[in-house]
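Each chain, written out:
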Amino acid sequence: MDPYLSNLLIVIFILVTLILIMVGAIVLIRLRSARNRRIYRQKAREWEDIFLDYLHGGLGLEEACRRMAGEKRYYWLWIFFAPYLEVLTGVDFEKTKALCRELGMIGYYRRKLHRGRTPARALAARVLGSLQCRDSVPGMLEMLRSKNPLIVQAAAQGLAKSGDTKSFFPAARALLSHTYFTYEGITEILSSYGKEACPLFKEGIVAGAKRLPDPRRAPGGRVPKKKPRRGEVDPSVVTSIMIDLLGYFRCPGSLSPLGRLLERADDEITVHILKAFLRFGEVPPGFDIKPYLRHRYWVARSFSAKAWKLTGDRQALPLLEELLTDRNWWVRFHAAEALRSAGGPGLTILEDQAAGTDQTAAAISSYVLSRSEVSQPS
Amino acid sequence: MSTWVTVVIFYNIFVLFYFLGINGFYLLLVLISYRDLRFVRSAERAADRFQTFRSEFYKPLSIIIPAYNEKSTIADTVYSALSLRYPEFEVIIVNDGSFDGTMEVLRERFNLEVSARNYGLEIPCRHIRGTYSSTDYPNLVVVDKVNGGKSDALNAGINVSQFPLICNIDSDSLIDADSLLKVVDLFARDWRTVAAGGTIRAANGCRIEDGKVTEINLSPKFWVRFQIVEYLRAFLFGRAGWSSLGGLMILSGAFSIFRRRVMVEVGGYRVDTVGEDMEMVLRVQRVMKKINREYRVVFLPDPVCWTQVPESYRGLQTQRRRWQRGLAESLFGNFEIFLNPQYGSTGMISYPFFLFYELLGPVIEITGYLVFIFSILTGILNPPFVILFFAVAILLGILLSTSALLMEEIYYRRYPRLQDVLILFFYAIMENFFYRQLHAWWRFRGLLDFFFKKRAWGTLDRRSFTEATTEKHPAS
Numbered sequence: 220m221d222p223y224l225s226n227l228l229i230v231i232f233i234l235v236t237l238i239l240i241m242v243g244a245i246v247l248i249r250l251r252s253a254r255n256r257r258i259y260r261q262k263a264r265e266w267e268d269i270f271l272d273y274l275h276g277g278l279g280l281e282e283a284c285r286r287m288a289g290e291k292r293y294y295w296l297w298i299f300f301a302p303y304l305e306v307l308t309g310v311d312f313e314k315t316k317a318l319c320r321e322l323g324m325i326g327y328y329r330r331k332l333h334r335g336r337t338p339a340r341a342l343a344a345r346v347l348g349s350l351q352c353r354d355s356v357p358g359m360l361e362m363l364r365s366k367n368p369l370i371v372q373a374a375a376q377g378l379a380k381s382g383d384t385k386s387f388f389p390a391a392r393a394l395l396s397h398t399y400f401t402y403e404g405i406t407e408i409l410s411s412y413g414k415e416a417c418p419l420f421k422e423g424i425v426a427g428a429k430r431l432p433d434p435r436r437a438p439g440g441r442v443p444k445k446k447p448r449r450g451e452v453d454p455s456v457v458t459s460i461m462i463d464l465l466g467y468f469r470c471p472g473s474l475s476p477l478g479r480l481l482e483r484a485d486d487e488i489t490v491h492i493l494k495a496f497l498r499f500g501e502v503p504p505g506f507d508i509k510p511y512l513r514h515r516y517w518v519a520r521s522f523s524a525k526a527w528k529l530t531g532d533r534q535a536l537p538l539l540e541e542l543l544t545d546r547n548w549w550v551r552f553h554a555a556e557a558l559r560s561a562g563g564p565g566l567t568i569l570e571d572q573a574a575g576t577d578q579t580a581a582a583i584s585s586y587v588l589s590r591s592e593v594s595q596p597s
Numbered sequence: 041m042s043t044w045v046t047v048v049i050f051y052n053i054f055v056l057f058y059f060l061g062i063n064g065f066y067l068l069l070v071l072i073s074y075r076d077l078r079f080v081r082s083a084e085r086a087a088d089r090f091q092t093f094r095s096e097f098y099k100p101l102s103i104i105i106p107a108y109n110e111k112s113t114i115a116d117t118v119y120s121a122l123s124l125r126y127p128e129f130e131v132i133i134v135n136d137g138s139f140d141g142t143m144e145v146l147r148e149r150f151n152l153e154v155s156a157r158n159y160g161l162e163i164p165c166r167h168i169r170g171t172y173s174s175t176d177y178p179n180l181v182v183v184d185k186v187n188g189g190k191s192d193a194l195n196a197g198i199n200v201s202q203f204p205l206i207c208n209i210d211s212d213s214l215i216d217a218d219s220l221l222k223v224v225d226l227f228a229r230d231w232r233t234v235a236a237g238g239t240i241r242a243a244n245g246c247r248i249e250d251g252k253v254t255e256i257n258l259s260p261k262f263w264v265r266f267q268i269v270e271y272l273r274a275f276l277f278g279r280a281g282w283s284s285l286g287g288l289m290i291l292s293g294a295f296s297i298f299r300r301r302v303m304v305e306v307g308g309y310r311v312d313t314v315g316e317d318m319e320m321v322l323r324v325q326r327v328m329k330k331i332n333r334e335y336r337v338v339f340l341p342d343p344v345c346w347t348q349v350p351e352s353y354r355g356l357q358t359q360r361r362r363w364q365r366g367l368a369e370s371l372f373g374n375f376e377i378f379l380n381p382q383y384g385s386t387g388m389i390s391y392p393f394f395l396f397y398e399l400l401g402p403v404i405e406i407t408g409y410l411v412f413i414f415s416i417l418t419g420i421l422n423p424p425f426v427i428l429f430f431a432v433a434i435l436l437g438i439l440l441s442t443s444a445l446l447m448e449e450i451y452y453r454r455y456p457r458l459q460d461v462l463i464l465f466f467y468a469i470m471e472n473f474f475y476r477q478l479h480a481w482w483r484f485r486g487l488l489d490f491f492f493k494k495r496a497w498g499t500l501d502r503r504s505f506t507e508a509t510t511e512k513h514p515a516s
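These protein sequence lines map, in sequence, to chains A and B.
Here the first sequence is numbered in this note's numbering, starting from 220 and rising by one per residue.
Here the second sequence is numbered in this note's numbering, starting from 41 and rising by one per residue.
Fair warning: there could be bad hints in the mix.
Said to hold, decoys possible - Residues on chain B that point at chain A, a partial pick, calculated with CB under 7 Å:
| no. | residue |
| --- | --- |
| 1 | S82 |
| 2 | R157 |
| 3 | D230 |
| 4 | L395 |
| 5 | I438 |
| 6 | T442 |
As the list claims (entries may be wrong) - Simulated pairs of lysine-lysine, DSS-like, Cα-Cα distance not exceeding 30 Å:
| no. | chain 1 | residue 1 | chain 2 | residue 2 |
| --- | --- | --- | --- | --- |
| 7 | A | K331 | B | K222 |
| 8 | A | K494 | B | K222 |
| 9 | A | K316 | A | K331 |
| 10 | A | K366 | B | K330 |
| 11 | A | K291 | A | K262 |
| 12 | A | K316 | A | K262 |
| 13 | A | K385 | B | K99 |
| 14 | B | K99 | A | K429 |
| 15 | A | K421 | A | K494 |
| 16 | A | K509 | B | K99 |
| 17 | A | K366 | B | K329 |
| 18 | B | K99 | A | K366 |
| 19 | A | K316 | A | K385 |
| 20 | A | K421 | B | K99 |
| 21 | A | K525 | A | K421 |
| 22 | B | K99 | A | K494 |
| 23 | A | K509 | A | K421 |
| 24 | B | K329 | B | K222 |
| 25 | B | K99 | A | K528 |
| 26 | A | K366 | B | K222 |
Unchecked claim - Only some residues are given here: those of chain B computed to face chain A with a beta carbon under 10 Å:
| no. | residue |
| --- | --- |
| 27 | V45 |
| 28 | R78 |
| 29 | F79 |
| 30 | R85 |
| 31 | A86 |
| 32 | Y159 |
| 33 | L161 |
| 34 | Q202 |
Quick caveat, the hints were computed from the structure, so don't treat them as lab data.
All values reported here derive from a predicted model rather than from experimental measurement.
Glycine included, every Cβ here is placed at the ideal spot set by N, Cα and C.
Next comes chain B alone, as it looks inside the complex (with noise of 0.2 Å):
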């Protein structure tokens, strides 16, 4: 047998272990975050909400969102943080600099006025033209700074905001009225807690009214379905997995909440990096170690953050191409945690599978591919077993996707319609035909731009929710 033929074969072994091997650890994350968000769910009957709105004891709120260019959906951001339920908050909207009008849409629907308001500099950012506060909603804070991004932004907003718990989410983002409630439990209920989140969904396609979502509703978007099917599997069982396995590396930046003074302790957010929220969570880990304090990251699945998703082909790839690139700038900013075992789960067990798995697995994944094709070319394997084998990995594909479509179903039920759940599951098969390898193409692209340190963040396509609600819905 000849050189070539060899490494052939054993490269497809390799893809063979490789695959048993990330399925087998996705499976064992479905089981777990089965059994815990059972417990979840039950535990939530006994809590007592109704109570803790009313309670005059918690922590205050300052919730952060940056915002860039935000014009078409910036009033509705704020009009649904000011309506949020939770006994005392502040909203701090930091403009980043926008050139669309944004700062003219606040200064227009929200009465501002320059603010008295003062503020240290506890972690550098960018300059700070000016503060602002609203004559009609004293809770809100505009913060007007030059550009800096996404991190330099969050940074501005940490130092002007006056409250121990910070909430971090995106400008295109609506939370749910009782998700701070929720997630905030977590730091009353435990004072190890440093950082907590909850659940992203699509909110594409849902009716929205004065910044709440009213209706939901299934996007007629093929590329949103996709989409939903993806986060449902990432949350469902991806983070409450690794949550109960205690090697939570990720809250979304989206929706967040933090202590102030960790987030003061560590620096702030990286400005130098497109996976902002990673590499805090990472950082705030590390520094809780070093300086010997006990923590805990928690993910919640109730509490959920509606944000728009990539419509088209080009906002997605240019997404995942960034995540991808900003997964390899956390992994690598924080490797001493990779097998540390005084890290715990996170060290030993998430860290690795998100280096060999996560980041890696696009490489795996398209040679593998090639290298296949390349062997019933050449007669290397039989037509028949690579056949075999594909039908098993994409019936594990939709094992897993149906796994997340009925914890769904059991715990949360979202979507109103039966037919819209069936609709998931026809798009978790089908994503298995196209989507993951364009996917598994755009996230090896990322890699690639990691490598040839590519620094754009790229440019996303907004509408505004209103825009987004007055598509054609077969109610209205």
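For reference, chain A alone in the conformation it holds in the complex (with noise of 0.2 Å):
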């Protein structure tokens, strides 16, 4: 036979096989997700039949691990496990991790965060992380220096799971050295370190505070931002993060170290520590919001008319009528919601404008009107 002819057959042979062993993977393993997936069912109804007896109290937990004894596959276990570890605290939480424990499920987790490839170390971080198991904490502040972003990011939110709040500044540091994270996506990681950490928080506006350019010294009250080098860390970026985080959680005698950072405040601070007096629901005692209400940044002016309910400043009402015809839409309507909010003088401004010659100013007084109209109950 032509060599050609015999070579194409062979070429013919080997693809049909793959075809045909392709398609009984296919089969093979739907029939084994399917089978998996009806094990599993079953499984997690026994287990939850076993667990919530033994967080009741009525199994004691070498049983309720000798009932739930024998699944070698540990994913499964995190996957029962896991929606309750969100929700449960005190008691319950270290009743969970006990039987965690004792089923082996840490171990193997433990082993797999110093041994496992890169995606089951980071599932083993998170997992460590929501255990709280403090002794994992050094094999993940190791993974904080990994050159490898994931695993940098899966030990950074173990960690921040774990709440060993020592590890906070060194978690915080990797995440803005040795990754790409935005600061949203790092401020949401360290979130998970919780309310425990408002000491760190107020430490880390302390440290980047003092490293932030006074505007107040700066050529036109502005400081050029500079892009910080390799491994450095903007200052600027991480005092944003702590301030965001102490408005998160309210920290407690928060109010008046922010009250004294926004008179050095760049623009950028200054709209954290605004939206940070938002969550709070208050300002510190004798702020005025005047001046930020006419700051040459649109978006602070934004927050400070969202803020002004929080001084009830009746001062500013002329100011916030001024705000009714500023070129942003956003400025324009909280300024208008605001006003709505100041009741009787404050309405009696909206609808003045509204019935006005300015049209800018008329139609958004015109719209937040008709939505306190809408919002009256029928």
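With the hints as a guide, bring both chains together as one complex.
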């Protein structure tokens, strides 16, 4: 036979074989996954009864472990326990953790933390963090030094969930300097440290603020943005993150330091502090909102209009009225909302503007007044 | 040997090498995406989506949906968009001069009133007649404008949008509830990300309730089934593979997310092309290079957008001709990327691939068939060789499609019934016997449309998602 033809026949044979193997794999995978799903559902139902009984004190740890033992697919155990670990606290959480330890889950993931491939290590960090395994903290701190951003992220998340506040600054530093994470992503991860880390957030603000250039000394009151060198951490980003976390957790005793920082804050940090005030639902004693209603940065004007209701400063009403003609829609909207919330005099201003000659002010005033009509109970 | 025989033989050899090249590359993409999908899936297990959803720190998002004569689907699309799981977002519907009652449907279903919202014209667009807010849904805005085409409508939406991330969705598309979170996560994890997108799947035949896909079924229409196989190939190893290589040149216009300031910087979508999605991605890359800013364009296979695909010969033909025209417009409009090492994998690998294989592919395929037939009839090539060669070509095509089905099975398994997957395998075989050839012909005509400067989008038959789900289903 012609060698070309025989080669083609060999290629055809290989291709057909590969295709049949793939189709066989598809069928097997489907059948296996259906079977696994059935088995998992059945096990989950059994485990749920055992676990709830154990939590209620009907079963001891040993007995619960004996009844749930035998499952070597630790990922299944993780899927089963994960929702409970999100919501359980106190004694129930500790009991769950003890059960996971006795079942071998903690040991398994601790081994994976050190020896697994990247996704396995990332999952292990998440599991151990959720279980608040403090003895895994050294392993996770080690992971912060990795060049792989996924490992760093997973380690930081695990450390944050574990609640080990000593790891806060190493995790923050690693996220800021070894990953490409945005400010939002970093804040979200660090928020898992919880309210217990409030003193650290305040410490972070103090440390960051010391390194911030003072805009009052900069030409035109603006500090030029400087791109940090590789491995360096931008102090304004650190400060912004800490402010957001303080606000998110409403850390006690934070208002006055934030008020002091506001006096020398640049545009972005001003916005973060105003947002934090909104989260707190109050402002520092003696805080004067008026300068911020006249701020050059529209986002700051917008948030200060929003924050006006925290001050109730009637002397600021004329400034809010001026903002009804601001070039930015959000500023106009929040100013109009602030006037509406002021009641009597504020509503009068809105009604006058709605009937007035300035189209911009009239439009936003009418819009906000109509929203208040819609939201009236019928 | 006469000259024409020599030419025919050389052309046959050229086609052979062309065929080896394109399939070799596809197989490489299969291997790369298999490795990366595995990694992505494993990393997904470690991600805490519930935490992400609770997060107050994520950037808010503007979802822009252009609508032109979408009376039958627009309400479902809006409900679907409004029910997405995301901390803070607005939905902007841009009515692009519809005359079928689309605006009336919106007014009636969503209680619209004139909005005080204003906007700057950062990107030129045709006249905006008015903007409307919904009294029932505070985060819904409707922009009514003079007809200017899809790109123009998107540009108007960008002008009106307020948030730093823009998500473009087609009006006949439904996004899975968690899809936004998954794609936006890419922006949070990497500040270099300027654009990201997910997978498109055919909604035809699926059960849709309140703007959500509640049951995934295989459409009984064979044109749809062929497209499902194509889409699985295109997304599960095509896009995934290119994204891994750093050479992704397209994100589906049906579902893609961009940073707003980047879109404004590049001047918005071009209105003189039908391939605005690909053209935007290429232009973003050029502008980022010019201003010397690091950037990434990323594809994630897990977030899904369900869309209605054409169910008729005519509709499919119109679409594929338009896509090929759009491909040509995008490639030639950004030609500086070609073999330009500054653009990395995009310039040195994916652009040349798309130019020689995807754009010129139909020309070579069709002339290849003709020359092969001619060669057999004139005895230049012996029939057994040709038959076996065609068999290899068909089997390679089936292998690639089966690889996509296998990846779907391993990582996603969206089709709940095994029989559906086996039916798709059957279509993966059948597509080689007339669908591929027809497709090549349509693409060839699309290329001619480009060279003869045809402009129209053509019309597509739309059915409401409710109509589409009341087709015969064995279960209902």
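Checked hints:
1. A cut of 7 Å between beta carbons decides the hint on B/S82: the least distance to chain A is about 3 Å, and the hint holds.
2. The restraint placing B/R157 at the interface with chain A holds, with a minimum CB-CB distance near 5 Å, inside the 7 Å limit.
3. The criterion of a C-beta within 7 Å of any C-beta in chain A is met by B/D230, whose closest approach is roughly 4 Å, and the hint holds.
4. Among the interface hints, the one on B/L395 is violated; its C-beta lies about 28 Å from the nearest C-beta in chain A, farther than the 7 Å criterion.
5. The interface hint given for B/I438 holds, since its Cβ lies 6 Å from the closest Cβ of chain A, which is under the 7 Å cut-off.
6. For B/T442, the interface hint holds, the least distance from its beta-carbon to any beta-carbon of chain A being 5 Å, beneath 7 Å.
7. For the suggested pair A/K331 and B/K222, the alpha carbons sit about 26 Å apart, so the restraint of at most 30 Å is met.
8. Between A/K494 and B/K222 the alpha-carbon distance is near 26 Å, which keeps this suggested pair within the 30 Å criterion.
9. A C-alpha spacing of about 18 Å is found between A/K316 and A/K331, which places the hinted pair at or below 30 Å, so the restraint holds.
10. Of the supplied pair hints, the one linking A/K366 and B/K330 holds, its CA atoms being roughly 29 Å apart against a limit of 30 Å.
11. Taken as a hint, the A/K291 and A/K262 pair is honoured in the structure, with Cα atoms around 13 Å apart against an allowance of 30 Å.
12. Simply put, A/K316 and A/K262 have alpha-carbon atoms about 19 Å apart, close enough for the 30 Å limit, and the pair holds.
13. Among the hinted pairs, A/K385 with B/K99 is consistent with the structure: their alpha-carbon atoms are about 29 Å apart, no more than 30 Å.
14. The suggested pairing of B/K99 with A/K429 holds, with an alpha-carbon distance near 28 Å, which does not exceed 30 Å.
15. A hinted pair counts as satisfied when its Cα atoms are at most 30 Å apart, and A/K421 with A/K494 qualifies at roughly 16 Å.
16. Restraint check for A/K509 and B/K99: satisfied, since their Cα atoms lie roughly 28 Å apart, inside the 30 Å limit.
17. Restraint check for A/K366 and B/K329: satisfied, since their Cα atoms lie roughly 25 Å apart, inside the 30 Å limit.
18. A threshold of 30 Å between alpha carbons decides the hint, and for B/K99 with A/K366 the separation of about 27 Å falls inside it, so the pair holds.
19. With a C-alpha separation of about 22 Å, the suggested pair A/K316 and A/K385 falls inside the 30 Å cut-off, and the hint holds.
20. Note on A/K421 and B/K99: the hinted pairing holds, with a Cα-Cα distance of about 24 Å set against a maximum of 30 Å.
21. About 25 Å separates the Cα atoms of A/K525 and A/K421, which keeps this hinted pair within 30 Å; it holds.
22. Proposed proximity of B/K99 and A/K494 is supported: the alpha carbons are some 14 Å apart, at most 30 Å.
23. A distance of roughly 26 Å separates the Cα atoms of A/K509 and A/K421; the hinted pair therefore holds under the 30 Å criterion.
24. The hinted pair formed by B/K329 and B/K222 meets the criterion: a straight-line CA distance of about 27 Å does not exceed 30 Å.
25. Simply put, B/K99 and A/K528 have alpha-carbon atoms about 25 Å apart, close enough for the 30 Å limit, and the pair holds.
26. Between A/K366 and B/K222 the alpha-carbon distance is near 23 Å, which keeps this suggested pair within the 30 Å criterion.
27. Interface hint status for B/V45: violated, as the beta-carbon distance to the closest one in chain A is roughly 18 Å, over 10 Å.
28. The interface hint given for B/R78 holds, since its Cβ lies 8 Å from the closest Cβ of chain A, which is under the 10 Å cut-off.
29. The beta carbon of B/F79 comes within 6 Å of a beta carbon in chain A, closer than 10 Å, and the hint placing it at the interface holds.
30. Checking B/R85 against chain A: minimum C-beta separation of about 5 Å stays under 10 Å; hint holds.
31. The interface hint given for B/A86 holds, since its Cβ lies 4 Å from the closest Cβ of chain A, which is under the 10 Å cut-off.
32. With a cut of 10 Å, the hint placing B/Y159 at the interface with chain A holds, because the nearest CB-to-CB distance is about 8 Å.
33. Residue-level restraint check for B/L161 is violated (minimum Cβ-Cβ distance to chain A is 14 Å; threshold 10 Å).
34. Among the interface hints, the one on B/Q202 holds; its C-beta lies about 7 Å from the nearest C-beta in chain A, closer than the 10 Å criterion.
Consistency note: the structure conflicts with the earlier hints numbered 4, 27, 33.
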